[in-house]
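Q: Chains as they are written, first to last, in the working numbering: chain A, 1 to 114; chain B, 1 to 110.
Calculated directly from the structure, the hints in this document are not laboratory data.
Treat the hints with care, as some may be off.
What the hints assert, rightly or not - If we take Cβ atoms under 8 Å as the criterion, some of the chain B residues that face chain A in the derived model are: (1) Arg3; (2) Lys22; (3) Tyr39; (4) Gln45; (5) Leu46; (6) Tyr96; (7) Leu98; (8) Gly101.
As the list claims (entries may be wrong) - Derived lysine-lysine pairs resembling BS3-like cross-links, with alpha carbons at most 27 Å apart: (9) A/Lys27 - A/Lys62; (10) A/Lys44 - B/Lys65; (11) B/Lys15 - A/Lys44; (12) B/Lys9 - B/Lys65; (13) A/Lys44 - B/Lys22; (14) B/Lys15 - A/Lys62; (15) A/Lys44 - B/Lys102; (16) A/Lys62 - B/Lys102; (17) B/Lys73 - B/Lys57; (18) B/Lys65 - B/Lys102; (19) B/Lys22 - B/Lys97; (20) B/Lys73 - A/Lys44; (21) A/Lys71 - B/Lys97; (22) B/Lys15 - B/Lys97; (23) B/Lys22 - A/Lys27; (24) B/Lys9 - B/Lys22; (25) B/Lys73 - B/Lys97; (26) B/Lys65 - B/Lys97; (27) A/Lys62 - A/Lys51; (28) B/Lys15 - B/Lys65; (29) B/Lys9 - B/Lys73; (30) B/Lys102 - B/Lys73; (31) A/Lys44 - B/Lys97; (32) A/Lys51 - B/Lys97.
In this text, a Cβ means the ideal position worked out from N, Cα and C, and glycines have one as well.
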Amino acid sequence: NAGVMQNPRHLVRRRGQEARLRCSPMKGHSHVYWYRQLPEEGLKFMVYLQKENIIDESGMPKERFSAEFPKEGPSILRIQQVVRGDSAAYFCASSPAASRETQYFGPGTRLLVL
Amino acid sequence: AQRVTQPEKLLSVFKGAPVELKCNYSYSGSPELFWYVQYSRQRLQLLLRHISRESIKGFTADLNKGETSFHLKKPFAQEEDSAMYYCALISGGSNYKLTFGKGTLLTVNP
Chain A
1 NAGVMQNPRH LVRRRGQEAR LRCSPMKGHS HVYWYRQLPE EGLKFMVYLQ KENIIDESGM
61 PKERFSAEFP KEGPSILRIQ QVVRGDSAAY FCASSPAASR ETQYFGPGTR LLVL
Chain B
1 AQRVTQPEKL LSVFKGAPVE LKCNYSYSGS PELFWYVQYS RQRLQLLLRH ISRESIKGFT
61 ADLNKGETSF HLKKPFAQEE DSAMYYCALI SGGSNYKLTF GKGTLLTVNP
């Protein structure tokens, strides 16, 4: 089992561009979580998805951010019109179920906005 | 709102010395506490959770509800323990939303 996969590992964007971050959960896991880690901070919950459903997006900024987990393919975190404050590490985690199950983390995508 | 505080950003000890990484939380209910570790160039991984009461790689952590603490301890630190350690909790209101502390970078010197 290759574990949670994220790509790209590093992403550089200019202000105003779009960033697309991908996450493939572990085999057999249907629950995906996205977290953001700003410099010098801990990881902060953004969104929880199951296949084709957003369950909890309470941690997502109201504008420019969206997430999906389609029936086929990876989960996508999309950031439109990026700003410098979006520069952070974005981590994806997955679990086989939601009820306090251990979350397995991917290596993260480091987004740098110039 | 729940909060996790790790007061030490950096902690440096010598090999063979005891180590304690502090974690305090604020939550009025019954949280579940975790310690995650991130070794250099590796992904974040679960070290231990209070509910399982395990000892992993010689580390233990006891939940102290009176002091709202979940300190991580190891009696004899090894160089391979050098890593970033994050304390986290899942609150009773959510079965999945992890709240993390800012982390403590542990360096074990030879």
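Q: Below or equal to 27 Å on CA atoms is what counts here, so check B/Lys9 against B/Lys73.
A: holds, 16 Å
Q: Measure nothing beyond the straight line between the CA atoms of B/Lys22 and A/Lys27; if it is 27 Å or shorter, mark the hint as holding.
A: Distance ~34 Å between B/Lys22 and A/Lys27 Cα, so the pair is violated.
Q: Checking one constraint from the list: CA of B/Lys9 to CA of B/Lys22, max 27 Å. Satisfied?
A: This hinted pair holds, its Cα atoms lying about 10 Å apart.
Q: Close enough to count: is the Cβ of B/Tyr96 nearer than 8 Å to one in chain A?
A: holds, 5 Å
Q: Taken at face value, is the distance from the CA of A/Lys44 to the CA of B/Lys15 at most 27 Å?
A: Outside the cut-off at roughly 33 Å; violated.
Q: Tell me if the straight-line CA distance from B/Lys102 to B/Lys73 falls inside 27 Å.
A: Holds. B/Lys102 to B/Lys73 sits at ~18 Å (cutoff 27 Å).
Q: Given the hint that A/Lys27 pairs with A/Lys62, does the C-alpha gap stay at or below 27 Å?
A: violated, 31 Å
Q: Checking one constraint from the list: CA of B/Lys9 to CA of B/Lys65, max 27 Å. Satisfied?
A: holds, 23 Å
Q: Taking the least C-beta to C-beta distance, is B/Gln45 closer than 8 Å to chain A?
A: holds, 7 Å
Q: Regarding the pair B/Lys15 and A/Lys62, is the alpha-carbon distance no greater than 27 Å?
A: Judged against 27 Å, a Cα distance of about 47 Å means the pair is violated.
Q: Holds or violated: B/Lys73 and B/Lys97, Cα atoms, limit 27 Å.
A: holds, 25 Å
Q: For the hint on B/Tyr39, just tell me whether its beta-carbon gets within less than 8 Å of chain A.
A: violated, 12 Å
In summary, the numbered hints that this structure violates are 1, 2, 3, 9, 11, 14, 22, 23 and 28.
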